[in-house]
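Colleague: Each chain, letter by letter, is given below.
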Amino acid sequence: MQFKNQYPPQKVSLSLKNVSKIYLQRNSKTITVLDNINIQILEGEIVTILGKSGCGKSTLLNLIAGFENSYGGEILLNGKPVKDISTERIMMFQESALFPWLTAYQNVEIALKMAKVPKHQREQIVKHYLSIVGLFDYSNSYIYQLSGGMKQRVSLARALSLNPKILLMDEPFAGLDITIKKSLYKELLDMHKKTRKTILFVTHNINEAVLIGDRVIVMSPRLYGIKKEYLIDVPNEQRKDNLSIKNIINEITADLYDNA
Amino acid sequence: METHIKSSKKKVSLSKKIVNKIINRDTLSLVIFISVFLVVWQLVYMSEILPKLSLPSPLAVGQTIIELLFDFTLVKGTAFTLWRLFLGFLLSLTLGLITGLLMIKFQQFGKTMSSFAVGLQSFPSIAWIPFAILLIGFNDFGILFVVVMSSVFSVMLSTYTGLRNVPPIYIRAARNMGAKGFSLFRYVLIPAATPTLIMGMRQAWSFAWHALIGAEMLITTLVGLGYILSVGREFSNMSQIIATMIVIFTIGLIFDRVVFIKIEEKIRDRWGLNQQKIEQ
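Protein sequences, first through last, are from chains R and F.
The numbering of the first sequence is the working numbering, which starts it at 1 and goes up by one.
The numbering of the second sequence is the working numbering, which starts it at 1001 and goes up by one.
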């Protein structure tokens, strides 16, 4: 069996050590959302985080992105502690956070504009990423004119335009049609082949997690953390009907739904 | 790859477009409406239900309009009135925007001020006049004061709610992309709040216009459309009064339809807010 990663193991990109998150309620009671999370993500990997609603997977992503800043333990990106929001860790949301007053082109461009990138350089970058997601011909469309799948593709282009060190995806395909999802998986994987971006992908969809991820981390709300990790070393193109993949999916399904 | 795209425009040949613009259902019905109105007016005049001195014929009014145009009374009056309107509106915009921003910055102030603003927004503009006369004076500044007080709260409130209602996800995404402080404000907050801001400006303009004519009638300063109205009343010159009323009506209509509605529609189109079609 071929290993998916053709390169020897890269260095660690994102490292979580004993990460925990506790919310303090008004009545002085505490709610533990995450406890003792330990994850190492290598450069160029796609890691999917799988869990039911409420298992803390979005919280985890928010901590990594810097939208929440108080947590126990350590989060390191390339060895440096994660302190706040940064363009090194860019998040793609489930609801399209594209700006309705701008065209697709301008939406991808805006991040570069705010970063004061000079105009002709911006042009090159925007065209490049819009082409990668196959939407260059829709550059001048306004957001309302795009379908759900197209909006997420533009969001992806926008996220990539700043060349983040890690791409965080928070259930980005959750609201979409199954056929569109499938074409988006393929696009994501093609993009990943070209760019070798480190991707952390959160989802509640077991098929999605196993089809996309090099590694699948299954979370459990009861444990406030990681239940099990699966290494998927079947190349993406062969996963659809692969027997070992089907076994993994069945195993995870049993795990997730039997133990509530 | 799915390429479904919603289009809002159909392709029509250029010549057809021009003809459609001039001879369309709306213009036709407008012409018919005005003609019928003039005919009814003429009939009422001829039937003498109201004494001929009280209600002049459409022709007489038409004549007066032309007279007043040519001796520049109307032109001068319109010019002064519009000048006051622009000045007052600009002042309202500036004060309203600044206060609105302060209301956002200082939350408690915002909460308290918005309650007052809502009440003062619908305060009758005429009721400001005695106050203005005694506080400011029986002059242009008094008129401006009334205009500003009648319209500033609309701008203030639309700034406050417009900025407060920016979806948090836009702000999150923008901050993630590196926007901070002023660039966040300029590239995200203001554009996101623009539809609400424009609606507020349109309302402010309308309130300002209403307040202005009333103020000009009661704070007589020898110039302005409101002044011409009050003179018309003093000399029992109904033709002059109706002629001026028609001018006031037309100006109000032109600004609202030509300027504000166009801007608002353009923004709504871009945002895709005009896509809803209610099926019958």
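Hint data in this document are derived by calculation from the structure and do not stem from the laboratory.
Hints may contain errors.
To be verified - Think about it this way: if two alpha-carbon atoms lie no more than 25 Å apart in a straight line, the pair counts; the simulated DSS-like pairs of lysine-lysine are:
(1) R/K181 with R/K246
(2) R/K83 with R/K127
(3) F/K1180 with R/K116
(4) R/K165 with F/K1266
(5) R/K113 with F/K1266
(6) R/K119 with R/K52
(7) F/K1180 with R/K119
(8) R/K113 with F/K1017
(9) R/K80 with F/K1266
(10) R/K127 with R/K80
(11) R/K246 with R/K228
(12) R/K83 with F/K1266
(13) R/K11 with R/K228
(14) R/K165 with R/K113
(15) R/K127 with R/K194
(16) R/K29 with R/K11
(17) F/K1180 with F/K1016
(18) R/K52 with R/K194
(19) R/K17 with R/K83
(20) R/K119 with R/K193
(21) R/K52 with R/K193
Colleague: A separate judgement is required for each hint: does it hold in the structure or not?
Modeller: Hints, one by one, checked against the model:
1. R/K181 with R/K246: holds, 19 Å
2. R/K83 with R/K127: Violated - the C-alpha atoms of R/K127 and R/K83 are around 32 Å apart, more than 25 Å.
3. F/K1180 with R/K116: holds, 13 Å
4. R/K165 with F/K1266: violated, 39 Å
5. R/K113 with F/K1266: Holds. R/K113 to F/K1266 sits at ~24 Å (cutoff 25 Å).
6. R/K119 with R/K52: With Cα atoms ~44 Å apart, R/K119 and R/K52 exceed 25 Å; violated.
7. F/K1180 with R/K119: holds, 20 Å
8. R/K113 with F/K1017: Measuring from Cα to Cα gives roughly 39 Å; hence the hint is violated.
9. R/K80 with F/K1266: violated, 47 Å
10. R/K127 with R/K80: Violated, because 32 Å separates the two Cα atoms, which is more than 25 Å.
11. R/K246 with R/K228: OK: R/K246 and R/K228 at ~17 Å, within 25 Å.
12. R/K83 with F/K1266: Since the Cα atoms of R/K83 and F/K1266 sit roughly 42 Å apart, the hinted pair is violated (cutoff 25 Å).
13. R/K11 with R/K228: Status holds; Cα separation ~22 Å.
14. R/K165 with R/K113: Roughly 19 Å between the alpha carbons, so the hint for R/K165 and R/K113 holds.
15. R/K127 with R/K194: holds, 16 Å
16. R/K29 with R/K11: violated, 40 Å
17. F/K1180 with F/K1016: violated, 50 Å
18. R/K52 with R/K194: violated, 31 Å
19. R/K17 with R/K83: holds, 15 Å
20. R/K119 with R/K193: Answer violated: R/K119 to R/K193 is near 28 Å, above 25 Å.
21. R/K52 with R/K193: violated, 29 Å
Consistency with the previously given hints fails for numbers 2, 4, 6, 8, 9, 10, 12, 16, 17, 18, 20 and 21, ordered from lowest to highest.
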